[in-house]
Each structure stands twice: as structure tokens, then as C-alpha cells.
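Protein chains: 4
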Amino acid sequence: MLVVMQPAATAADIERVCEEITRQGFKPLPMPGEVRTAIGLLGDDSKADWSYIEALPGVASVLIVQKPYRQASREWKPETTIVEIAPGVRFGGPEIAIVAGPCSVESEEQIVTSARAVRAAGATALRGGAFKPRSSPYAFQGLGKQGLELLALARRETGLAIVTEAMDEHGADLVAEYADCIQIGARNMQNYSLLRHVGRLGKPVMLKRGMAATINDLLLSAEYILAEGNPNVILCERGVRTFDSATRNLFDLTAIPVVQKLSHLPIVADPSHGTGLRDKVTPMARAAVAAGADGVLVEVHPQPDKALSDGAQSLYPEQFAQLVQQLRPIAEAIGRSLAPTPGTAPVDVR
Amino acid sequence: MLVVMQPAATAADIERVCEEITRQGFKPLPMPGEVRTAIGLLGDDSKADWSYIEALPGVASVLIVQKPYRQASREWKPETTIVEIAPGVRFGGPEIAIVAGPCSVESEEQIVTSARAVRAAGATALRGGAFKPRSSPYAFQGLGKQGLELLALARRETGLAIVTEAMDEHGADLVAEYADCIQIGARNMQNYSLLRHVGRLGKPVMLKRGMAATINDLLLSAEYILAEGNPNVILCERGVRTFDSATRNLFDLTAIPVVQKLSHLPIVADPSHGTGLRDKVTPMARAAVAAGADGVLVEVHPQPDKALSDGAQSLYPEQFAQLVQQLRPIAEAIGRSLAPTPGTAPVDVR
Amino acid sequence: MLVVMQPAATAADIERVCEEITRQGFKPLPMPGEVRTAIGLLGDDSKADWSYIEALPGVASVLIVQKPYRQASREWKPETTIVEIAPGVRFGGPEIAIVAGPCSVESEEQIVTSARAVRAAGATALRGGAFKPRSSPYAFQGLGKQGLELLALARRETGLAIVTEAMDEHGADLVAEYADCIQIGARNMQNYSLLRHVGRLGKPVMLKRGMAATINDLLLSAEYILAEGNPNVILCERGVRTFDSATRNLFDLTAIPVVQKLSHLPIVADPSHGTGLRDKVTPMARAAVAAGADGVLVEVHPQPDKALSDGAQSLYPEQFAQLVQQLRPIAEAIGRSLAPTPGTAPVDVR
Amino acid sequence: MLVVMQPAATAADIERVCEEITRQGFKPLPMPGEVRTAIGLLGDDSKADWSYIEALPGVASVLIVQKPYRQASREWKPETTIVEIAPGVRFGGPEIAIVAGPCSVESEEQIVTSARAVRAAGATALRGGAFKPRSSPYAFQGLGKQGLELLALARRETGLAIVTEAMDEHGADLVAEYADCIQIGARNMQNYSLLRHVGRLGKPVMLKRGMAATINDLLLSAEYILAEGNPNVILCERGVRTFDSATRNLFDLTAIPVVQKLSHLPIVADPSHGTGLRDKVTPMARAAVAAGADGVLVEVHPQPDKALSDGAQSLYPEQFAQLVQQLRPIAEAIGRSLAPTPGTAPVDVR
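Chains as they are written, first to last, in the working numbering: chain A, 1 to 350; chain B, 1 to 350; chain C, 1 to 350; chain D, 1 to 350.
With the rest of the complex left out, here is chain A:
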């Protein structure tokens, strides 16, 4: 913490800031300069809310040293957290997990066909929405509980772990019952009531970055979950809003090494939402692995032309299989490998 005074600040202004710092239980350290004075503070400045020091007379700005999140920080826990969402399905270790499947669960045939196809190609887990956050209230909103039952069926058929989104507390309870990992979508990244709720459920959570969220915001949202005692948080980069309409979002792959330096939590990337365009998914999934992602989420649909949502960004099963073939040597080039597909015998992992 450093309080920078204005050049015109008086001795009384400086004194008042020092008194306030002392009142808060810290030790002020004035540093007179040629042009102005700065006042340092000794102690752990993350413990206080400093906005009112900024508003004292003569203060030019306050520079914060400590990060506002704690348990999410790599300073809190130096070794990378490995989140295991089902037996053998891990995020954060040397193996890279591939989560694939359709945008929405549409029918038994569609989800089982999808699950078999992505498993055959090399996926580790199955994604598919039962509750869909759609920007229009008139668009298809998902099959709800029936969708969760179909996902559980697909898991029995293939052994794939299930990752699926919850949009509210009631939905989170249901997802926790049927699936292996609760996804919190970008639009709910700062829905703090929901974050607290999934923190208390204890189930692994995949937290997607919001459309205008900084890395700092993302880690603070993770902190809401961790603070409730749930350590199993996987972060997900899926693109942020920007000025160019050439792609749906601006896929921020640098977020991967940035998060890995600041936090011990694993981070995956979602090139399907990150780009919104089928022919960009393959190059950007490769780039995500090359950048060090702990996993990738890819939308795959047996018949993208007929999909009820996001068909334009879903890969055909053959395209997905080719992608996985390209990802293997890239993983190896950086000393990692793709996670193996769960055992071939159908298994009910619940």
C-alpha cells in the first residue's frame, strides 16, 4: 500500500493520512520526494477497505500492493491444484483433459450418439447443456431435468464424466445430483449467491470467465467458492467482449499463462465459444494446448446443421477426431500428454 499525495498537499493533509493509517492498526512510513510525498504502510494491506483514504484531502492516489484474493492465489498454495471430477478424470496434472459434446442435450439418440463419437475420438468427459442461458427468452432453453437424466444415461453407456451448466440454486442442486462437475456460465460469473451455493455443495465447479471480467475478477469469483470450503474449482477462458465483430468473442489465450502464474487452480479453454465459428475451433484448440491449457472444451454435434443451439460453432465428429490427432504431438512438444479415455467397459461412475 502506498498513498501518493498531491504536490500541493499540506503537512496537515499528510498528518491526517498517517493518523488514519495508524487508526487502522498499521504503521505509516512517510517518504518525502522532490515533487510530492508518498506514504508507505507496513503490514498486510489486504485486510482493509481503503476507498476512504483515496477521498481524504490532498491524496492523489492509492496504490495497492496485496492482491484482493487469497485462497485462489499461488502465494497461498504454491503447488498446482489437481481437480478430479470422476475417477481418473483430472484437471491440473500433466495430462490434458478433453471435454466434448453438443451445446444442448436434445434427445437420447443425439446425446448418446455424441457421447460415443467423442469418446471414440479421445474425449475424457462429455459436455451438453440441460439448462441453457439464451439471450432471447424465446429461444430454446434446454430440456431441464430430463436433459440431466439423458446425460446420466450417456455416462452409463460410455463411462465419460459429465460437465453441465447450472443457472440457479435449484438447478445447481439437480446438476450436483446427476453430473460430475457443475459449470457456472460466463453470464453468472458474478452471481455471488449462486457462487456461494455451489461452494457449499462441494461438487467440482467449472467457472467460466465473464464477458468483461478481468483475470482479477475471475479469481475473486473463484474465491467466493473456495471461501465456502470447496477447493475443487476449474477456471475456463471462453473469450471476452471486444470491438471487432469478426468473431463472436475475443479469445484471450494469454489468460492461460497469466492465471497459471497468479493462481494454483487449473484452467481450461473453450475455443467453441471463444470464437463462435466452426472453422476457427480447430486452430484455436491447438493454440490453447500450445499455450499450456489444462484442458479444452469443444462443441461437437452429430448433425450440426440440425442443432437446436450454436450449430454454427459445433464440429462434425470427423473434424473432432482429426483435431485430437493434431493435439497429441502438440501436447508432447511441451512435455505433456492427452488424458486417456476412461476404460472401455461401460461404467457407472456414480
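There's no promise every hint is true.
[Said to hold, decoys possible] Distance condition first, Cα-Cα at most 27 Å in a straight line; then the derived DSSO-like pairs of lysine-lysine:
| no. | chain 1 | residue 1 | chain 2 | residue 2 |
| --- | --- | --- | --- | --- |
| 1 | D | Lys306 | A | Lys306 |
| 2 | C | Lys67 | D | Lys145 |
| 3 | B | Lys306 | A | Lys27 |
| 4 | A | Lys306 | B | Lys67 |
| 5 | A | Lys261 | D | Lys306 |
| 6 | B | Lys306 | A | Lys67 |
| 7 | A | Lys67 | C | Lys67 |
| 8 | B | Lys261 | C | Lys261 |
| 9 | C | Lys306 | D | Lys261 |
| 10 | D | Lys27 | D | Lys145 |
| 11 | C | Lys27 | D | Lys27 |
| 12 | B | Lys306 | C | Lys261 |
| 13 | A | Lys306 | B | Lys203 |
| 14 | B | Lys67 | D | Lys145 |
| 15 | C | Lys27 | A | Lys27 |
| 16 | B | Lys203 | B | Lys261 |
| 17 | B | Lys27 | D | Lys306 |
| 18 | D | Lys27 | C | Lys306 |
[What the hints assert, rightly or not] Computed, partial: chain B to chain C, Cβ under 8 Å:
| no. | residue |
| --- | --- |
| 19 | Ala152 |
| 20 | Leu153 |
| 21 | His170 |
| 22 | Ala212 |
Worth flagging that the hints you see were computed from the coordinates, not collected in a lab. The beta carbon of each residue, even a glycine, is placed where N, CA and C say it ideally should be.
Starting from the structure of chain A, add chains B, C and D where the hints point.
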């Protein structure tokens, strides 16, 4: 709707797009050009989800004519909606409503003192948070139900209508019981479960624009509330995320005339969150009224230095009184006026 | 300047940073904290390039106290600079100057008609492009030197001062010869060779904010001109790039009070480019004056439907006249007034 | 081109738009819908400036079909352009070119040491600034012509081709004399006078994307160079401005496949400026190659702690050598390879 084909598209590609349009119940109208063919569509194209046409072979892009929202559109309802949140407290008519008060409700003395001060200066309604969405889980989160009781007390003391935020369904039920208008904050603008819930409660809703929300997104979120049968929606511009850290947000005042052209819903502006800096609130509140806002939200605290949240952006009561004096002639310059303060006799409007 | 060390930094790391600070001629002041050490620095830290301290082992981050610009700062010159571009045509004093005219100079009739119309309505200066920066090389690029001659003719006819853009050094020499103020457009805001050149010409300069420029960037670009000995710089807010395509740019009116606090230079606003839409120009010009702008730039064309560039954002002369009538009481509401039109007798101010 | 009329547009409004389309030499095709009429246009709509149709009464919006650039488009030239800047040093073919070197040329020893180190590690060309665009006028601005002479010396010593920036027309003439490829920096991407000038010089140009430039803007700027008859343009992604200060810029790797679909021009990526942080350069250079970049630019300095500019983002020579080792298998995973280092015998390629 116009489907633009690639220059290299074949006759078969064009035929397939025409068939698909026909299958959807519309009439295709091919328009061959020098370089490429475009295919028009006759009918109401808002009824379909066209993403899979984009993915057909030979299609370059799809241009959408219809807006994705309906009831929020001025084409649906040409005259401006007037939302009355309490007897005589209206948004959307010729009078401009001023909503003022502290960021958080902190104590009986603080909220009653604030309410009296802002009422004396010319406010129409009282704002103050009982449930606070804070980016850090360790920051002050509001007094909850007790805060709502204190707001109701301040209303009895001053006659001011109450606007306060809800963060989840349970909180919305409580806010509906105690206050006059439920505020949905920027972080929950796309929390569709909550939007549906407040749509069903029927109470007036003030919907704040999300940090990365386009005007289109904002109107789609309003549509979620309207679609549940609640017509009383007030929109609020409060700044969007951008690249310059000189202010907390980029306050987008052009959103006011843009919304007023596209929608019949009233729109207010919040220069306190829009700028995040006390000395910018006064000029930007003036600018909001000059731009045509139907109301302004201003944070005012009796002792900003001691505020538990957002002290650095709260006005002192004297500053707020001066601001209101400046707003009067600006309102008159554009043919409007400030809404009168509710009757001096204490009134319980519940 | 505050160097924040990582929690794991060793005593040797801290020692090395202190040595480097000493080597640079400053005095280091280590501040051990509970979690980590920070190292303050006594002296004027604007004199050094600190990027390599950031890269030393054990350094977490470097917080900069001093602003990187000097002569543009209000700390350098507390009183607001008044820039007089022609006798009586001033920016930065109590009077608000209105600069109006077409996007491009197209013909003698067009520019003289425009000049007479905007003068009659209350403009102080005439704008109009002779050199046009167009994003397409195939679009109309302006009349060049002939356009400058027509602007000089319009000045003789009306007495209005002339503001017009230069795109390169040769063009700047010509503009300096014919006009009263050289405009540097948004696309050239960081064309440092051109900034230096117009700094040396000595003529008043209107410097437009770039599409992705922070306020800090804008003031640094002004510093390039000031550093060459030219104190006559007028800044101009004209909108920045953002994610919403509802308007051409995001018009950042908060930049006005932000600049006025940080710098002594006058600042004007351009709602025509800031919004790109004719029906948004009037409300946003009013908002600019209410926010405290020292002037406004407005595109006005006698026949917007026939304009060779930017017709969709140009006001009709009647609309402009109505706008000026609305601006007068708004200026008065904040203790200012509109600048008077130059003397009625035709004057050649050159 | 599709002109979308407002629902309230009259038959006369529609007639007027049709007349205007006819007057422009095209054929109008009205398409009445349930809610509103749209008017299609047959012909090559890239030939006209349609802004005034947007401003006609009753028009809601105009949707443009044709792209505004021509020669830069892959529709104009389907096969990818290969730009050869020196014998054997090519961009756009199956081989990926690595351009490396310090931010600025500082001395003979520094540049020759750098050149030898990057050549030994596998670079194809040498980068290094003689003219530096610095945001502060008081920062080191480069050695100018002397810097170019040192680059030419380094070429004689190592055989590496030279890529270096020009900031104005005079500088471009000098760079064309001494180097193999003229770099146009992000700040000058829309300096159209300079683009025209380098278009006429005929020398290969590396055009960096501006900080707020869309892909469309980038291709239009390339069009300025192509339109002067110079086909040798290499595009460069180097990050755009965004709201998160975690990195210097937001490195937009999706731009690579987006550009490769829209244009035949080669595109390279600059992870050093794209991230601004040394430890992010290696993962993002790998990601760029995995995304399909035709080359990468990497800042390497023999002693980053002592660099006069951008030391914090420069790799140590050993780090660069390790990076190149990681890039080889990634290139092979997607069917490409790294370009070989120019012949070991010192060669003067001029």
C-alpha cells in the same frame, strides 16, 4: 433476412439454401449479382433461429433484419412507457426523477439522515443497498433484511419511494415486500432465472446495464421480464468496461438517446457508478439530464469518509444540493422539469 | 515509485533492487511487511525508464507515482491555458466555442453556403476537411490545396476562423498557411513525426483522441507538441472503440472533467464523430456542454443527402440552429456562455 | 446490399429509395415482409458510398454485402501470396519464418551479438528498431540512420534478412535503402500518407495491426499499399487494447485464421508486444504457430536488464533457443516446418 452466398457458391448450394428457407415456412427470393448471389426472405424472420443456415455450404454470411426483442421494442409500443413506482413517483414522463442515497444501508441514523438530506435537496426516491454484490467475498455484504427494514423506516420518515437491489430469488421476494422498486444490478443483468422471477413478482424493476452488455443485450434482458407479464421496467445506464483506467467505467451517455429510439421503456443514468469518482459525478449527472435521461441515480452519504462501501464516489449532502440546483435549468432548457419531492407530511405509501 | 517484491524474494533480491535504485541516483527505502517487502524510492521518478527493474529477480511489480507527461500537466501549470486561434476566437476561457461545418469541402458554393448558415446560427469557427483520412483508398480523399483555398475564401466571406485537418508534414505546412488551427485526426494521434512537425510550426493545434487512446496517451501526444515549444494545443474527445455497434464510437464525455483535472489544456468534444448518427448529435452536444466542454465540433451540411462523406451524421442547418438555442441556457446553468459570433462585417483575419 | 425500411415507412419512402438505387446505376428489388419492406440491390455494391441512403426518410438500416477491400481479399486472389523479403526468406509458404532481435539497435556490439545469437538458435531474419515510436517524447527514440547502418553490418556478419520500422516518409526511404522489409508500426497503421508512400517504394512491407483496429481496418490499410502497386505485404497481429491490465495488450490469435480465410496475404504474430511480459512470450509464440501463423516476431536481447527499451518483454538468448526447439514439433504437428537459417557463410544479400 438476407443470405449472402460466397462468390464460388454453386447452383446446388443456392438451391439448398432456398429449400431450407422454404422448409422453415418462408419464401426465398434469390438475387443474383455480378460477383455473387444473395437470397432474400419474405416474412417475419424473428421467428426462427438461423444459425444453421450460416453453416450451410457456400454461405458467406446471414444479415438479420428483425430485432430479436419484441415487447421491449418501440415498434411494438410506440408511446413511451411511464413506470410509477409509488404514488406520484414516475419514470418516463416529462418530469425527471432523482433517486439518491448511500451505497449501503449502514444504520438507522445513517439512512434516516441521508433520506432527510436528499429529500430536502430535491430527491424523489431513496436508494441504498441492503444486499451488496461485492467483488471480494471478504468485503461488507450489506445488512440484509435488517437493511430493508431500515429503508422502510426511512420511507415512513420522509415519504420517499425506495429503490434497492436484489441479488437472488429469495432476496427479490424480500425486496418486493419492503421496497417500491427492485433493482437488478449490472452483474446479474443476464441472470435469466432472476429476471424471470422478478418478472413474475409484478413489482417495478430497475434493470442496470451489464459491464459488457450491448444495448441489444440490455433490451433482451428487459424482454425476459416483460415476457413474464411485468410491464414496469426502468433501464439504467451505469457505464461499461473499457481500456482506460482513468475512471472505474466508461459512462455511455449516448445509450440514452439510442435506447429511447429503439424502445418505449424509460431509461435513467447512474453517474456515481458510471465514473466511480466523486468530482466527476456532478458534471456527468448534468450531462445525463442534457442527453435526455428520464432520471438520475446519485450516491450521497452524510459522511463519505466513513462509508462502508464506495465512499470515494459518494457526494456530500451539500454537493448534492448544489447539483440539483444546476439540474433544474438544464431540464428546462430541453422542455422538461425535475419531479417534485413527495408531499411533506410523512406518508407510509405501502 | 514503489517496487513490490514477491513473498518468496530473498534478501539478496532485495539488496540487488536497492543497489540498482542507488545506481540510478535515487535513495531506496525498504519497507518490510508481513507478507512481503516493498521498496520505496525518494526522488523524481519520472526521470528514469524503469522497465528493467520490473524484470529483476524477485520483483512482483513496480508502481509508478509520477505521471509520464510534464508540460501537459496541471501540476506544471495550474491555470487553464486559453488558446486563441484567431482574434477573439478562444478555447479554455469562460466562453464555449462552437466549430461547425461540413465533413469535407466539396465546392465553393457548398462551403460558402455552409459557412454562412453556421455563422448565422451562432458558430464561432468553420470546420471542413480538405485532406480526408478515409479507411478505404477508393473513397473520396478531399480536394487538397484547392479545398484550403475555398476555406480561406469562406473565411473572407464570413469572418469565421478555420479549423482543418492535416495528415502529413507537407499537408501541415499548407494548412498552416491557409487556416487558423491545424487539426490532427484520431488516426494520427500517435504519428509522432507529425506531432513534432506541427509542434515546430507554432500554429494552434487541435489534437483528437485516438480510437484506443487512454487519457494518458492523449496527454503524452500533446506533450510531443508542447515539447517543441508550441503551447497552443486544444484537445478533442471524439469517441473510442468499444464492443457495441449501436453507435460508430463510444463517446466518452467523462474524459472532459478527467482531462480538466489532470491538464491545463482546453478540451472540446465532437458529437458528430462521437456518435456517427445524426439524431444523436443534438442530445450529445448538449451533454458535452453540460459536462463542461470548452467547445463543441458539429458537422453541418446544407444537403446531407448529397454529402460526399459522412452525410449520415451531418445536421441540417435548421437542426444546428435549434441546437445552438438549446446550448445557450445549458451553458448559463453552469456559469458559462456561448462565444459570440465574429463581427458581422466580413473580415480577413489573416 | 439490402436496405431495410422502418415498419412505418410509406410507399413514397420506398419509392424514393428505389429511385436512388436506380440513379446509382443498380437495379432495386423490393421485398415486402409481414412487418416491413426490405429493398435488395442487384450489382456490385462495393462501387458506391451508401451513407446517404441510410439517411433517407423511412430507412432503418443498410446491410452491406460486399467487402470494402478488394485486392487484399482472397476472393480477388484465391492462392496465398508468398512474400520473399530476401533470397530464401519467405512468408506465406509451408515454412514458418522466425524474426528475432532486440527492440532497439543500441550499439554495434549489441546488435551483432544479438544477430549471431538468434541466428545460432534458428532465426531467419533480424529485427531491431532504428526509429522508435515511444509514447513519451522524453524516452529513447532510437539511433536513426546510424542504427540502420549497424543493421546492415549485422546482415553482412550473419546473412540474416533485416526487418525494421519506419515512422515517416523520409525514414521509409532510408529503411528501404538499408533493410529488406519496412515495418509499419501499430500507431501508424492508419497513417494513410505513409501507407501510400511505402506502397510506391515497392519494398516488402510488414504492416502491424493497430491497437483498436478491426480485421477489416487492417485489410483496408493493406489495400492502401496494394493499390499503389506493391503486392508484398505481410500482416502482423500484435495485440489490441482491452479492459484488463494483466497484460500490455490482448493478443488476438484468432485473427490468424480469420485473416487467412478473408485474405491471401501472409500473417505473422508478435507475442512480445502482444503480451508485454517475458514469461508469456514462450507459451504465446507456441500458440501462434499452433494457430497457423506464417511467422513469429520475438524480441531477444543479450542483456535484457540493460536494454534501453522494452527490456521486460525481451527473451534471454537461451530462452529463445529453447523456444525454437519447442516450435519445431508444433510446426510439424500441423504439417509445416520452421524455415531454415540462411546459409552459414556470411553473405551480403544486398
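Can you verify the interface hint for B/Ala212: is its Cβ closer than 8 Å to any Cβ in chain C?
holds (6 Å)
Hinted pair C/Lys27 and A/Lys27, Cα distance within 27 Å
Given pair C/Lys27, A/Lys27 holds - Cα atoms ~21 Å apart, limit 27 Å.
Between D/Lys27 and C/Lys306, is the straight-line Cα distance small enough, at 27 Å or below?
holds (20 Å)
Does the alpha-carbon distance linking D/Lys27 and D/Lys145 stay inside the 27 Å limit?
violated (56 Å)
Is B/Lys203 within 27 Å of B/Lys261, Cα to Cα?
Holds, at roughly 25 Å.
Does C/Lys261 sit within 27 Å of B/Lys261, going by the straight-line distance between their CA atoms?
Given that 27 Å is the threshold and the Cα spacing comes to 34 Å, the pair is violated.
Given the hint that C/Lys67 pairs with D/Lys145, does the C-alpha gap stay at or below 27 Å?
violated (31 Å)
Below or equal to 27 Å on CA atoms is what counts here, so check B/Lys67 against D/Lys145.
Violated, because 57 Å separates the two Cα atoms, which is more than 27 Å.
Taking 27 Å as the top limit, are the C-alpha atoms of A/Lys67 and C/Lys67 close enough?
Cα-Cα ~23 Å, so holds.
Is the Cα-Cα distance between C/Lys27 and D/Lys27 27 Å or less?
Violated: C/Lys27 and D/Lys27 sit about 76 Å apart, past 27 Å.
For C/Lys306 and D/Lys261, compute the direct alpha-carbon distance and say whether it is at most 27 Å.
violated (36 Å)
Do the numbers back the hint for B/Ala152, that is, is its least Cβ distance to chain C under 8 Å?
Violated. Min distance 35 Å.
Comparing the model with each earlier hint shows violations of hints 1, 2, 8, 9, 10, 11, 13, 14, 17, 19, 20 and 21; every other hint is respected.
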